[in-house]
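Participant: Residue-level listing of the chains:
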Amino acid sequence: MAQNAIKERLTKVFRETFSQPALEINEGLTASDVAGWDSLSHINLVLAVENEFGISLTTRDIRSMKNVGDLIQLIERKVPQPV
Amino acid sequence: MSFTTIIFYCWLAVAVVLFYLIPAKFRVSFILVISCVFYLTISPRYLVLMLVLTFIVFQTGRGLRQAQSETSRTLLLIAGIFPVLGSLIVFKFGGSLSQWLLPIGISYYSFKLISYVVEVYWEPSNAVGSIVEFASYVTFGPQMISGPIQRPCDYFSQLKRQREGGTDYARIEDGMRLILGGLLLKMLIGDRLADFVGLVDKNPAAYTRPVVLLSTLCYAIQLYADFAGYTNIALGIGKLFGIDGPANFNAPFAAANIQNFWRRWHMSLTTWLTDYVFMPMRMSTRTLGAAGLAASIVTTFVLVGVWHGFYWTFLVFGLLHGIFMTVSALTLHMRDRFFKGTPESVRRTRAALGIVSTYLLVTFSQIWFWAPSVGAAIFRIKQLAGVVPSGLLSLTDIKADISLPLFACIPIAFYLGAGSPGFRRWWAPVGGFIPNWALYGAGMLALSLMTTESGSKFIYGQF
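Chain order of the listed sequences is A and B.
Note that our numbering has the first sequence beginning at 21, numbered continuously upward.
Note that our numbering has the second sequence beginning at 784, numbered continuously upward.
To be clear, the hints were calculated from the coordinates, so they are not data collected in a lab.
Beta carbons: idealized from backbone N, C-alpha and C, even for Gly.
Mixed in with the good hints, there may be bad ones.
So these bits of chain A aren't anywhere near chain B, every CB distance computed over 10 Å [what the hints assert, rightly or not]:
#1 Ala22
#2 Ala25
#3 Arg29
#4 Lys32
#5 Glu36
#6 Pro41
#7 Asp58
#8 Gly74
#9 Leu77
#10 Thr78
#11 Gly89
#12 Pro100
Examples of chain B residues toward chain A, derived with CB under 8 Å [stated by the list, open to error]:
#13 Phe1061
#14 Met1062
#15 Arg1065
#16 Met1066
#17 Arg1069
#18 Asp1184
#19 Ser1186
#20 Phe1197
#21 Ala1201
#22 Gly1205
With the rest of the complex left out, here is chain A:
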């Protein structure tokens, strides 16, 4: 899946998870940039990402992510490629 397509769907996930309809995401975005993005809501975000993209994330995956750019790359790797 193309990174732009992932970003578009991810924006929707972020807006719903953090209840911020105008939230814009970019590759450099981190938890400290988004109000309410703490360790509790982080798991809600993980669940929403898993549901949206039909993938499964591990604790190690989550620890390796430093920003939204890392999350996009992770999704790109995990989403099954069309045959």
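Let chain A serve as the given structure and place chain B on it in line with the hints.
Facilitator: Same frame as chain A, but now just chain B:
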């Protein structure tokens, strides 16, 4: 050798001068040597234990870097964590029988060791190749007695600076300012509050209910003054050796809910437990909804409690915070939604009430934290509720050198613990006219003239 003694600072001055005189390539080795010498002065019989655990974990890290299969990596993870966690549990249990059986700093260096094993398990390239560098991280003297618990990557990334040499005068001045500020907070505020709290705690039944209430309300601010003071000293000493440590406090008394409080109080411990206990557990339970959330939070906070020692009082302390946090986490969205459309004045009132109620919840939990037994905690609660009769001694019956300083120490400690709101604004026009050396001199003078006889022990040194 305590951070509040003259002899320590004489020793520190010699160590710092030598540190900057020796060739840069020996600086990390020097940090290791002086850290071990320092440990010998505070807990000599347990130095070997610390070094053996350090060696085991270093070798585990090397093994994890070379391991090819997931099975061998998992086995190495267990092999690295088991001896550290086992020693921590055994010695913590021993410490609950006798303080003599508790190696000083084991709670802090064990957590450093475990975080290293887990980080290398997650990312093998995080393993360090030099045992001297690794041992300097684990044994780092300034963080030995009461933390803060620094993460391995944060520490190792700063060693490049050590190898390059040079003298960073701004960092040294920053360090000395932190030490002075920490000493003032601990010795002028914390120790005076400790005199009052300790006096009432010795025989609470003898005092009137308002005195017992005041003493109970002082628990959190005394602990803050003592522990934040210590942390500032530790961070300052670290800076003298070119190492910046993690913050432990960020205006905890400004927190408007209990979740926010724990993001501001003893941060190096809570972020450690969040990363290595809460997050993995929450990931495993993420499909269980509210029950998974509650189980993860309560487990994390029970560990926060028993990390302080294997006593029922600490267990209740942890359980209480687990319950407070769970209720807060499950209802916060609902509360936020309710107040979203309300006028500004209502939201401000909510924030103010939130700050007060958070402080009261923390105070209630601190009754368990400080009580020598469950019975003593229950007696204190009954006394505050008026269920058991109170004594006759009022504040005026307490010696003036203990009671009078409270009128200054309580507001100052609370103001500092709330992040000194407005300080920059009112200090800016005044501060420009006062040179730094005069401020430092005034601080030193205050330390030499106004410290109490009783204080010197750090509360978190016993954990």
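Participant: Against each hint, give a clear statement of whether it holds in the structure.
Facilitator: So, going through the hints one by one against the coordinates:
Taking the minimum C-beta to C-beta distance to chain B, about 28 Å, the non-interface status of Ala22(A) holds against the 10 Å cut. No beta-carbon of chain B is positioned within 10 Å of the beta-carbon of Ala25(A); the least distance is around 25 Å. With a closest Cβ-Cβ approach of about 20 Å to chain B, Arg29(A) is found to remain outside the 10 Å limit, as its non-interface label requires. Once the 10 Å rule is applied to beta carbons, Lys32(A) is consistent with being away from chain B; the minimum gap is 19 Å.
Listed as a non-interface residue, Glu36(A) keeps its Cβ farther than 10 Å from every Cβ of chain B; the least gap is roughly 13 Å. The Cβ of Pro41(A) sits about 13 Å from the closest Cβ of chain B, beyond the 10 Å cut-off, so the non-interface label holds. The beta carbon of Asp58(A) is not kept farther than 10 Å from every beta carbon of chain B, the shortest such distance being approximately 7 Å. Non-interface call for Gly74(A) relative to chain B: holds, since the shortest CB-CB distance, roughly 15 Å, exceeds 10 Å.
Its closest Cβ contact with chain B, about 8 Å, brings Leu77(A) to no more than 10 Å, contrary to its assignment away from the interface. Its beta-carbon lying about 7 Å from the closest one in chain B, Thr78(A) breaks the requirement of being farther than 10 Å from that chain. Non-interface call for Gly89(A) relative to chain B: holds, since the shortest CB-CB distance, roughly 17 Å, exceeds 10 Å. Consistency note on Pro100(A): stated as away from chain B, and its beta-carbon is indeed over 10 Å from all of that chain's, at 21 Å minimum.
The interface hint given for Phe1061(B) is met, as the beta carbon of that residue sits about 6 Å from the closest beta carbon of chain A, less than 8 Å. Among the interface hints, the one on Met1062(B) holds; its C-beta lies about 6 Å from the nearest C-beta in chain A, closer than the 8 Å criterion. Satisfaction of the interface hint for Arg1065(B) is found here, the shortest Cβ-Cβ separation to chain A being roughly 5 Å, below the 8 Å cut-off. Interface hint status for Met1066(B): upheld, as the beta-carbon distance to the closest one in chain A is roughly 5 Å, under 8 Å.
Given the 8 Å rule on beta carbons, the hint for Arg1069(B) holds: about 5 Å separates it from the nearest Cβ of chain A. The closest approach between the C-beta of Asp1184(B) and any C-beta of chain A is roughly 44 Å, which is over the 8 Å cut-off, so the hint fails. The interface hint given for Ser1186(B) is broken, as the beta carbon of that residue sits about 41 Å from the closest beta carbon of chain A, more than 8 Å. Interface restraint check: Phe1197(B) against chain A, minimum CB-CB distance 25 Å, threshold 8 Å, status violated.
At about 21 Å, the closest approach between the beta carbon of Ala1201(B) and any beta carbon in chain A exceeds 8 Å, and the interface hint on this residue is violated. For Gly1205(B), the interface hint is violated, since its Cβ never comes within 8 Å of a Cβ in chain A; the closest pair sits about 23 Å apart.
Of the numbered hints stated above, those contradicted by the structure are hints 7, 9, 10, 18, 19, 20, 21, 22, listed in ascending order.
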